[in-house]
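Visitor: Given the coordinates of chain A, assemble chains B and C onto it according to the supplied hints.
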Amino acid sequence: MEGGEQVTEKNLEIEKKPVNMNNNEAEQEILSPWKMFVRKFKKNKVSIVGLIILIIMILSALLAPILTPYDPYEMDYSKINEPPSKEHWLGTDEVGRDYLTRILYGGRVSMKVGLFAVIIEIIIGALIGGLAGYYGGWVDNILMRFSEIVMSFPFLPLAITISAVIGTKVEPQRRMYIVMMIIGFLSWPGLARMVRGQILSLREQEFVQAARALGIRDSKIILRHLIPNTVGYIIVSATLGMAGAIMSESGLSFLGLGVTPPTPTWGNLIQNAREVYILRNRMWLWLPPGVCIFLAVMSINLLGDGLRDAIDPKSK
Amino acid sequence: MDKLLEVKDLKTYFYTDDGIVKAVDGVNFSVESGKTIGIVGESGCGKSITAMSILRLIPDPPGKIVNGEIFFNGKDLTKVSDEEIRHIRGNDISMIFQEPMTSLNPVFTVGDQIMEALILHQKLSEEEARKKAIQMIKLVGIPRADKIVDEYPHQLSGGMRQRVMIAMALSCQPKLLIADEPTTALDVTIQAQILELMNELKNKLNTSIMLITHDLGVVAEMSDHVIVMYSGKVVEDAPVEELFKNPRHPYTIGLMNSIPSLIGEGKRLESIKGAVPNPLYLPKGCYFHPRCKFATDECRNGQPELREIASGHKVSCFRAEEVGR
Amino acid sequence: MSEAILEVKNLKKHFPIYKGAFRRKVGDVKAVDGISFKLKAGETLGLVGESGCGKSTTGRTILKLLDPTEGSVKYKDKDVLNAPKDEMLKLRREMQIVFQDPYSSLNPRMTVSQIVGEALIEHKLYKKGKELDEYITEVITRCGLAKYHMNRYPHEFSGGQRQRIGIARALALNPSFIVADEPVSALDVSIQSQVINLLTDLQKERGISYLFISHDLGVVKYISHRIGVMYLGNLVELSEKNALFDNPKHPYTQALLSAIPIPDPTKKINRILLKGDIPSPANPPSGCKFHTRCRYAKDICKEQVPEFRDLGGEHFVACHFAK
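Residue numbers (my numbering), protein chains in the order written: chain A, 215 to 530; chain B, -1 to 323; chain C, 333 to 655.
Don't read these hints as lab results, they were simulated from the structure. Treat the hints loosely; a few may be bogus.
To be verified - Here chain C is said to cover these stretches of chain A; the calculated rule only asks that three of the stretch's residues, wherever they fall, bring their Cβ under 8 Å from a Cβ of chain C:
1. 243 to 255
2. 332 to 344
3. 424 to 433
All figures in this text were calculated on a predicted structure; none of them were measured in a lab. C-beta atoms are modelled at their ideal positions from N, C-alpha and C, and glycine is treated no differently.
Chain A on its own, in the form it takes in the complex (with noise of 0.2 Å):
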């Protein structure tokens, strides 16, 4: 270490400086956590292509007014059961109502159920999720077997039955709502462990720990760096449960327990199959509300796959 002292000075002096590797690194762009998940979200084609499915149906369902210049309940019993020509592209049902408004307003109805009761499942889900995971303990104990509870009804029985008691002393277009509930009500537990799970590791994560350190508040800690970590999971888990939302109630409603005629849902659209005549010769009336749905539903798991690779730090 001959002529070390000198080294050592000249070393002092570089450390005062920014560590900085490349020069214009001052006008490098600053990567929020929000554009870095767009960015990443922008390189999955498959999901970009899902979103667009999406908004292109919610879209046609909001400007169904618009779109079409029918009434989806005004009957017409001069034209029953048409085939599709051009004043009614997909023809008319059995009391004259043309179908692709019934399946335009359907949409309506289909995807308000399903995020209406997501957003039930979210706020119970994330609810109780959050305080298992900050209080732990005996709270934890309780609400998680509470969870527990619910997540092993049976949802298909239970929502038959609910809907059988309550839905015949309801009208039909309040039926909607009943559905919602069932779905909503019956659908947190999972979240709510997810929340749990996630609020439980970062409880542990040393920046919390360095937060109580620093003699930040508990409100502030749960505030702003809890709640802020676990949005992008509950995003997520929302956006695919908003599927199953979606083909539960067109499993009830196909059932005809959920929401009933005359309102339309694809779910009781595609009711029409149950015919044999109709799935045979009439092809019109229960392929598009299920194609509906299958979109619906794939553009939607499409879209969550994608935020959750964006979402996630570890995939790249």
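Guide: The following block gives chains B and C in isolation, referenced to the frame of chain A:
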């Protein structure tokens, strides 16, 4: 001078979405039989990828050995069939990994895992393999070998697991043992035990060892010859005593000066400014020049070759003759 | 320099072990089992030991990030462990911590200025605005970062830079005592020395005391004034560093020091190899906890816990036979 392994101009690239990562970029070295070679470098310098390339364990895609020859016992490992390389793995060349926790399969007993290779490569019967397994466990200094053989990895401590890994790696009496940071996850007193064991076994079985580590202390103690890597390239290659006495590459010098125990009492640690460059955006010229205090225009523009400056001492630096510790 | 600012007495932290569906307590992991030491102003006390010896738990219990089982911690004569909330908040400003993992110790969704400034706002030292920004800039440039780093997120930095952010966060409150919990263990060698130099410079400038926790004896020897060696939740030896390295008294310290690989191929070390592994802290050996691996162990070691006594010159050892 019997060369057991000779790596010539090895290049292993990874083709990622963001570009080509030249993880190993023209590496040359050789291992003599019965000797230990130490490969030193910081995370991301390509030392582990070099080892995995030798065993052809590079995940493909995205990784690929794009160039070079790896002669082992006169055979080029980059050209042999998959069947053959599988026979060489675990039989002629075996590997110990850093993480003793994850490198053992938790659902099989220790004995099963040692026996597997013996039955496969040495064609031993189950009974013979079990005997041999117990013998190996004894050899690596684990007491109660006949009980341990039936235990599961989670029942063992970290040091014990690493011993089991070594027992496994040595069970087929390989000619070359590749040890990738074998003691990094262990405590110093356990590390001392494991290093002692590896040295003992080397002398007993005449195995060559390729020791990959970032710890210069471990290298000094274990190796006969040392290679220093930086950003996928060999920057210095010398016998261990020569390297520590007379390091010639500014990176090697910087590394040594940043180790507290090599610096005298009360003196300020020297540090290498900045950080290892992103392998996607390597600087022009010598990869080390942005962090090098001796860099000149020559270094910024041209890439130095690995050249011999003294017998057996190779350095890739334009100014190797001028710099020193 | 002679005044003790931190006094730890008989500190214990036991983690209960629960088993079964009813979470019945079946025992304790005695992570820290009665530790006492003093730390002077401007001094660095190194705490070394192998994994599971309780050195990190000690650091966190002193800062009351973990609730202690027993014992007392006094900081400038104030009782840390029983301090009321507002008192504790004030103490938090003076006692800080730097963590090992440069990745999990920074919130990925906050910018550097939010990370460094959060506590300043919480403690009402600054309000959001120009003054705060100026102060943050001052702190982060002192830690070797640049002003333009302020609005960046942790993932944009390398490990060494992240560790600097962690140090800046602790430094912002202008503490006089920092627990450095393996601050360089996760860093590459060439980056380690940058961080070590930063820590020593800060100590010279501001007279900060460190409790420097590490398993790397070379680093600890370099940075510390005094060193404590821990084994299974206890201090077995505590002394001025040169006295400890030149003349270790406890058999465990002797073995530990001899186990360090020396980066000099011409030196041959006379190694004391320990038998076996570290016993579980849930079920430590009786008497002297080291007796199961000690080459000098006699019957008395199995029965009697050795006293942590001063051999003279503030060289403390917990061994029956040390002289």
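Visitor: The structure should be examined with respect to each hint, and the outcome stated for every one.
Guide: Do the hints match the structure? See the list:
1. Requiring three or more residues with a Cβ within less than 8 Å of a Cβ of chain C, the coverage given for the region 243 to 255 of chain A holds, as 5 such residues are present.
2. With 0 residues carrying a beta carbon less than 8 Å from a beta carbon of chain C, the region 332 to 344 of chain A misses the three-residue requirement, and the given coverage is violated.
3. A count of 8 residues in the region 424 to 433 of chain A with a Cβ less than 8 Å from any Cβ of chain C is obtained; the coverage claim is therefore met, three being the minimum.
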